[in-house]
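**Student:** In the order they appear, the protein sequences are chains A and B.
At position 188 of the first sequence the residue is numbered 188 (the working numbering), and the sequence of numbers has no breaks.
At position 143 of the second sequence the residue is numbered 143 (the working numbering), and the sequence of numbers has no breaks.
Take these hints with a grain of salt, some might be off.
Using 30 Å as the maximum straight-line C-alpha spacing, the simulated DSSO-like pairs for lysine-lysine come out as follows [unchecked claim]:
| hint | chain 1 | residue 1 | chain 2 | residue 2 |
| --- | --- | --- | --- | --- |
| 1 | A | Lys-277 | B | Lys-175 |
| 2 | A | Lys-269 | B | Lys-276 |
| 3 | A | Lys-281 | B | Lys-281 |
| 4 | B | Lys-270 | A | Lys-281 |
| 5 | A | Lys-281 | B | Lys-195 |
| 6 | B | Lys-281 | A | Lys-191 |
| 7 | A | Lys-195 | B | Lys-195 |
| 8 | B | Lys-276 | A | Lys-175 |
| 9 | A | Lys-276 | B | Lys-175 |
| 10 | A | Lys-277 | B | Lys-191 |
| 11 | A | Lys-175 | B | Lys-269 |
| 12 | A | Lys-276 | B | Lys-281 |
| 13 | B | Lys-191 | B | Lys-29 |
| 14 | A | Lys-175 | B | Lys-281 |
| 15 | B | Lys-277 | A | Lys-175 |
| 16 | B | Lys-281 | A | Lys-195 |
| 17 | A | Lys-226 | A | Lys-281 |
| 18 | A | Lys-281 | A | Lys-227 |
| 19 | B | Lys-175 | A | Lys-270 |
| 20 | B | Lys-195 | A | Lys-277 |
| 21 | A | Lys-281 | B | Lys-175 |
| 22 | B | Lys-276 | A | Lys-281 |
| 23 | A | Lys-195 | A | Lys-277 |
| 24 | B | Lys-191 | B | Lys-175 |
| 25 | B | Lys-222 | B | Lys-281 |
| 26 | B | Lys-175 | B | Lys-277 |
| 27 | A | Lys-195 | A | Lys-226 |
| 28 | B | Lys-277 | A | Lys-191 |
| 29 | B | Lys-270 | A | Lys-175 |
| 30 | B | Lys-269 | B | Lys-226 |
Please keep in mind that the hints were generated in silico from the structure rather than gathered at the bench.
Every value quoted in this text rests on a predicted model; they were computed, and no experiment measured them.
Protein chains: 2
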Amino acid sequence: MPLLAIDLGGTKLALAVFSQQGDLLYKEKINLGKRKGAEVGRLIAASVAANLNEQRNKEEEIEAIGVSVPGIYHRDNGTVWAPNIEGWEHYPLLNEIRSVAGNIPVTIDSDRACYILGEWWKGVAQNCSDAIFVAVGTGIGAGILTGGRILRGANDIAGAIGWMALEHPFQHQYKDCGCLESSASGEGIAKMARKLVSERKNYRGSLRTKSLDTLSTPDVFKAYEKKDAVAEEALHHCVELWGMAIANLISVFNPQKIIFGGGVFGPAKKFIPRIKKEAMKWAQPVSMQYVTIETSALGADAGLYGAAYIAKQNSNM
Amino acid sequence: MPLLAIDLGGTKLALAVFSQQGDLLYKEKINLGKRKGAEVGRLIAASVAANLNEQRNKEEEIEAIGVSVPGIYHRDNGTVWAPNIEGWEHYPLLNEIRSVAGNIPVTIDSDRACYILGEWWKGVAQNCSDAIFVAVGTGIGAGILTGGRILRGANDIAGAIGWMALEHPFQHQYKDCGCLESSASGEGIAKMARKLVSERKNYRGSLRTKSLDTLSTPDVFKAYEKKDAVAEEALHHCVELWGMAIANLISVFNPQKIIFGGGVFGPAKKFIPRIKKEAMKWAQPVSMQYVTIETSALGADAGLYGAAYIAKQNSNM
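The whole structure should be built from the sequences, with the hints applied where relevant.
**Tutor:** Shown next, in the form of structure tokens:
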């Protein structure tokens, strides 16, 4: 019997039906639009109900439901903290989905756990006991598999690598989101480029022509292709920080694989050889020899695969 | 029946007899002197044999033997890599000890694993599921407990935090032992002070009067007490690096405790409040709230307690 996977993001909701074997049978995406708080919860519940009905009509009842959330899932009380969804400080998502799921088991986990579980089930981390998914999107976080288990920490908030301290001494810009994330996340790249454009008075490149407020990370990647000096400087800095960050993960965890994913990888895939070269300077040399550095095999679907996997683990079968 | 614990260091060997309940009944220390390679192995085997006999004579047969080694223990083949003992690249320590142990079970683990297991059994990490022992001695390494288990990595070399990248851009001095260790280990502090003395041409403090070759880390701590400028600069830099390093561990692992130990903590104990203040600037703020930062309760005996614990775990009882 099939599995229903839900991947909630900060701006959209993805739903998919998977076979028990992990084949993606059906997928849909819904923009959250201006929804916030309980509106987002109701959207999820309504979408789940609609999908359960549709499957029932096909006489293919859903076996289990898995949900990936963009933040922290508190397993003790079934609530979610999602910083990019207004009003989701302690959102009671488990009860909300259970109210439409009937007897079908519901499992929720953080997106970072789902990413690495997805890659472990059907992506590049298959057969790994120790692998790390480095998700570089709007923010930066890591899903960490160690000794065959997900690293959770004492309060379910392990993997907050956006806060990694890499550039001594401390600068004020690190305060809100951490040193690594402030320069090398989707938001950080645009911020860094805006800062460079306003500092480099002699710079006359294409990023100067944009209004600084609208200068975006895709603009920076586009300008990089045309050898724009500010784009090169901003992304060179990112390559160094990504290299240092994974060097630290390699020295600390001695993993078999580092897997870059999220929206920025994507366009930053081409930097993998340079990131690896940077990491080699810093990491424990024996652990560095044993690790491979790759990009996600599942791309934007990594969270859905992970959600399907946690559903399968918790199914009645 | 009692447990025999052995803690091998780079310069000395400690042996202790523990009760099953974890009371330290007897302890001795032997300097390795100029011993290397198989001479060190023979010293351990002879000391084990002597202790087993002595206990037998008291009709208190040893139940199990645990050994802490200063490097990496390869569980698959019973060999040890210990960088500070000449000729110990693949030293067959398990067989050597078994040859004198008869039917008594022998367990070996790395010193960093033993440190955190010792603290977990009888020190400040009791009742913790997630705690990290940061050992700052000649080098720097971490014993990491996560979800109630020791973090080992894919090749048993996790926890190499001396290699943590904290100061961008890369400097040549990081090449041999890593960024953190090059400045903030027992060896690193002396090296840093020597560098500062030779750079600061106007410096006329007490460290100038020493021959640079013999300037040691204890000299730096002594000079610090007299407000020596070079000692203050070197140790202030250490405080910043220790703070950044534990901030990274806190953001990545979300632990309940960080425990500083090793020879340097010792004299660096007084810096814990300043290290914590530095960490607070960098770490994921929620994880920072949940963690406590302490020094080892077991001090130089942490490795012995850990060795006794792994013996107990592997006893026939």
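**Student:** So, for every hint listed, does it hold in this structure?
**Tutor:** Each hint tested on the structure:
Note on Lys-277 (chain A) and Lys-175 (chain B): the hinted pairing holds, with a Cα-Cα distance of about 14 Å set against a maximum of 30 Å. This hinted pair does not check out: Lys-269 (chain A) and Lys-276 (chain B) have alpha carbons roughly 37 Å apart, beyond 30 Å. As the CA atoms of Lys-281 (chain A) and Lys-281 (chain B) are separated by approximately 26 Å, the hinted pair is consistent with the 30 Å bound. Restraint check for Lys-270 (chain B) and Lys-281 (chain A): not satisfied, since their Cα atoms lie roughly 33 Å apart, outside the 30 Å limit.
Only pairs whose Cα atoms come within 30 Å are accepted, and Lys-281 (chain A) paired with Lys-195 (chain B) is accepted, the gap being roughly 22 Å. Between Lys-281 (chain B) and Lys-191 (chain A), the direct Cα distance comes to roughly 21 Å. Compliance with the 30 Å bound is thereby established for this hinted pair. With a C-alpha separation of about 35 Å, the suggested pair Lys-195 (chain A) and Lys-195 (chain B) falls outside the 30 Å cut-off, and the hint is violated. For the proposed pair Lys-276 (chain B) and Lys-175 (chain A), the alpha carbon gap of about 16 Å is at most 30 Å, so the pair holds.
A threshold of 30 Å between alpha carbons decides the hint, and for Lys-276 (chain A) with Lys-175 (chain B) the separation of about 16 Å falls inside it, so the pair holds. In summary, the hint linking Lys-277 (chain A) to Lys-191 (chain B) is supported, as the alpha carbons are separated by about 28 Å, within the 30 Å threshold. With a CA separation close to 27 Å, the supplied pair Lys-175 (chain A) and Lys-269 (chain B) stays within the 30 Å bound. Distance restraint check for Lys-276 (chain A) and Lys-281 (chain B): the Cα-Cα separation of roughly 28 Å lies within the 30 Å cut-off, and the hinted pair is therefore satisfied.
The hinted pair formed by Lys-191 (chain B) and Lys-29 (chain B) meets the criterion: a straight-line CA distance of about 29 Å does not exceed 30 Å. Restraint check: the Cα-Cα separation between Lys-175 (chain A) and Lys-281 (chain B) comes to about 7 Å, which is no more than 30 Å; the hinted pair holds. For the hint pairing Lys-277 (chain B) with Lys-175 (chain A), the CA-to-CA distance comes to about 14 Å; that is within 30 Å, so the pair holds. Between Lys-281 (chain B) and Lys-195 (chain A), the direct Cα distance comes to roughly 22 Å. Compliance with the 30 Å bound is thereby established for this hinted pair.
Restraint check for Lys-226 (chain A) and Lys-281 (chain A): satisfied, since their Cα atoms lie roughly 28 Å apart, inside the 30 Å limit. Between Lys-281 (chain A) and Lys-227 (chain A) the alpha-carbon distance is near 26 Å, which keeps this suggested pair within the 30 Å criterion. Restraint check for Lys-175 (chain B) and Lys-270 (chain A): the C-alpha separation of about 27 Å stays at or below 30 Å, so the hint holds. Among the hinted pairs, Lys-195 (chain B) with Lys-277 (chain A) is consistent with the structure: their alpha-carbon atoms are about 29 Å apart, no more than 30 Å.
For the proposed pair Lys-281 (chain A) and Lys-175 (chain B), the alpha carbon gap of about 7 Å is at most 30 Å, so the pair holds. At roughly 28 Å between alpha-carbon atoms, Lys-276 (chain B) and Lys-281 (chain A) fall within 30 Å of each other, so this suggested pair holds. Restraint check: the Cα-Cα separation between Lys-195 (chain A) and Lys-277 (chain A) comes to about 27 Å, which is no more than 30 Å; the hinted pair holds. Annotation: proposed proximity of Lys-191 (chain B) to Lys-175 (chain B) holds, straight-line Cα distance about 14 Å (limit 30 Å).
Among the hinted pairs, Lys-222 (chain B) with Lys-281 (chain B) is consistent with the structure: their alpha-carbon atoms are about 29 Å apart, no more than 30 Å. Restraint check for Lys-175 (chain B) and Lys-277 (chain B): satisfied, since their Cα atoms lie roughly 29 Å apart, inside the 30 Å limit. Restraint check for Lys-195 (chain A) and Lys-226 (chain A): satisfied, since their Cα atoms lie roughly 20 Å apart, inside the 30 Å limit. At most 30 Å may separate the alpha-carbon atoms for a hinted pair to count; Lys-277 (chain B) and Lys-191 (chain A) meet this at roughly 28 Å.
For a cut-off of 30 Å, the pair hint linking Lys-270 (chain B) to Lys-175 (chain A) stands: about 27 Å separates their Cα positions. As the CA atoms of Lys-269 (chain B) and Lys-226 (chain B) are separated by approximately 17 Å, the hinted pair is consistent with the 30 Å bound.
Violated hints, in rising order: 2, 4, 7; the structure is consistent with all others.
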